[in-house]
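Enquirer: Got chain A sorted already, so can you dock chain B onto it with the hints?
So the protein lines, in turn, are chains A and B.
Each residue of the first sequence is one higher than the one before, counting from 1 in this note's numbering.
Each residue of the second sequence is one higher than the one before, counting from 1 in this note's numbering.
Treat the hints as calculated values from the structure; they're not laboratory data.
The structure displayed is predicted, hence computed values, not measured ones.
Idealized CB from N, CA, C, for every residue including glycine.
Mixed in with the good hints, there may be bad ones.
Unchecked claim - Here are the computed distance ranges between Cβ atoms for each label pair: (1) Ile45(A) to Asn64(B): 36 to 44 Å; (2) Asn158(A) to Arg48(B): 56 to 64 Å; (3) Arg48(B) to Val83(A): 58 to 66 Å; (4) Asn30(B) to Ala40(A): 16 to 24 Å; (5) Leu93(B) to Asp37(A): 28 to 36 Å; (6) Asn174(A) to Pro6(B): 39 to 47 Å; (7) Ser177(A) to Arg48(B): 34 to 42 Å; (8) Val83(A) to Asn64(B): 43 to 51 Å; (9) Ala27(B) to Lys102(A): 28 to 36 Å; (10) Leu47(A) to Gly103(B): 38 to 46 Å; (11) Leu40(B) to Ser90(A): 43 to 51 Å; (12) Asp90(B) to Lys41(A): 29 to 37 Å; (13) Glu173(A) to Arg48(B): 24 to 32 Å.
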Amino acid sequence: MNKNENELEFIKSMRLAMHQLRAPLTIIKGNLSLMKDELAKNSKIDLKEYLEEIGIANEKMLDLINALSIILKLESNDLPVNVQPIDFLSIIEEIINKFEPKIKKKKINLEKDFSKNLPIINYDSDLIKIIFQNIISNAVNYTPENGKIKIKIQKQKNDFLIEVSDNGLGIPENQQSKVFTKFFRADNIIKENDGAGLGLYIVKFLIEIFNGKIWFKSEQNKGTVFSILIPFKIQKGTV
Amino acid sequence: MDNKAPTHILIIDEDPQMRRLFGGKLALENFEIFYAKDGLEGREMARRFRPDLILLDLNIPKVNGIELAERLKREQETKDIPIVFLTNSDLTLESQKAAKEMGVSDYIQKGIDLDEFVIRVKKIIGFSIDEN
Chain A
1 MNKNENELEF
11 IKSMRLAMHQ
21 LRAPLTIIKG
31 NLSLMKDELA
41 KNSKIDLKEY
51 LEEIGIANEK
61 MLDLINALSI
71 ILKLESNDLP
81 VNVQPIDFLS
91 IIEEIINKFE
101 PKIKKKKINL
111 EKDFSKNLPI
121 INYDSDLIKI
131 IFQNIISNAV
141 NYTPENGKIK
151 IKIQKQKNDF
161 LIEVSDNGLG
171 IPENQQSKVF
181 TKFFRADNII
191 KENDGAGLGL
201 YIVKFLIEIF
211 NGKIWFKSEQ
221 NKGTVFSILI
231 PFKIQKGTV
Chain B
1 MDNKAPTHIL
11 IIDEDPQMRR
21 LFGGKLALEN
31 FEIFYAKDGL
41 EGREMARRFR
51 PDLILLDLNI
61 PKVNGIELAE
71 RLKREQETKD
81 IPIVFLTNSD
91 LTLESQKAAK
101 EMGVSDYIQK
111 GIDLDEFVIR
121 VKKIIGFSID
131 EN
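Same shape as in the complex, but just chain A (with noise of 0.2 Å):
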């Protein structure tokens, strides 16, 4: 991109990442409004709702700041990369661990495929943790009740081949170019717990810096599979 583009996507960003901080800014103002009128009129009110509410929108409001943080690093060449030995595996099920409350919740069979045998690589951890939360946090969320999720980890020649697939809505063709571009939502979400679009853009570019490579298929209402490979050796240093 020349400097021109450059600017003109710095401002588009920043007035994306703007409207999406004021709408969860707007429902804590106007919770935080609601409760009071509710407790002059009543002291012993069950306050409980509405500072869930509060909760949810405090947490979209981190999750877009956390998001942007990585992305102003990554942007400006600026994300040091921690390489130690890391047991890809460990990882990954402590990450399914983690969705494990949501996941019993809305009844997903979730089927693990995994290798045996698969060797300890040297990485950064906590960027393995940013890519892989992402993509099963979103395979997650948008597979309905009683739905389906697999995750395949297969050892290859020189790389790790991850598929993690899933029943959900999947992504309409015409929007499937924008997959992975910043503050992209496919408009046939269910938005309640959708994070701000950000996730699949910082996911490709931590792939694509490892030398890795990321692509899927999908289909509306049938679901969709995200396919990773990630080499088994990176180069250790500040991106």
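Expert: Only chain B this time, still in chain A's reference frame:
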């Protein structure tokens, strides 16, 4: 018009928290609220329930707010329902003018004080009731 019959308001917004916030406030004021999460559903609900007012966000999926407003104002079943844009966006003067020409009754920023929001909604509905 029977003033004791509940007044029905349709809120079209893809954000469930926004729907709950504004719908909740209006429900406390004894309005009956319907909800739609996108433009297609919004049009369907408007045609089916003929609400007394439509509160419409601009950034809705499937059919966006502006396009939906134009459609509703064109179609026989819905052209007389007052529409108010309820939005996070800053409308330019040009957009405000276009909205007025289209027949949109008002546009309200979502950051508005909720009591002020209710006053403005009541004013629009009261005004429309008197006209009818």
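Enquirer: Work down the list of hints and note, for each, if the structure agrees.
Expert: Structure-based check of all given hints:
1. Ile45(A) to Asn64(B): 36 to 44 Å: 38 Å, holds
2. Asn158(A) to Arg48(B): 56 to 64 Å: Check passed, 59 Å falls within 56 to 64 Å.
3. Arg48(B) to Val83(A): 58 to 66 Å: Taking Cβ atoms as reference, Arg48(B) and Val83(A) lie about 60 Å apart, which means the hint holds.
4. Asn30(B) to Ala40(A): 16 to 24 Å: Once the Cβ atoms are compared, 18 Å apart, the range 16 to 24 Å for Ala40(A) and Asn30(B) holds.
5. Leu93(B) to Asp37(A): 28 to 36 Å: The hinted range 28 to 36 Å holds for Leu93(B) and Asp37(A), with Cβ atoms some 34 Å apart.
6. Asn174(A) to Pro6(B): 39 to 47 Å: The hint (39 to 47 Å, Cβ to Cβ) holds, given that Asn174(A) and Pro6(B) are roughly 40 Å apart.
7. Ser177(A) to Arg48(B): 34 to 42 Å: Roughly 35 Å apart at Cβ, these two residues keep to the hinted range, so it holds.
8. Val83(A) to Asn64(B): 43 to 51 Å: Because 46 Å falls inside the window, the suggested range holds.
9. Ala27(B) to Lys102(A): 28 to 36 Å: 29 Å, holds
10. Leu47(A) to Gly103(B): 38 to 46 Å: 40 Å, holds
11. Leu40(B) to Ser90(A): 43 to 51 Å: The hinted range 43 to 51 Å holds for Leu40(B) and Ser90(A), with Cβ atoms some 45 Å apart.
12. Asp90(B) to Lys41(A): 29 to 37 Å: About 34 Å separates the Cβ atoms of Asp90(B) and Lys41(A), which means 29 to 37 Å holds.
13. Glu173(A) to Arg48(B): 24 to 32 Å: 30 Å, holds
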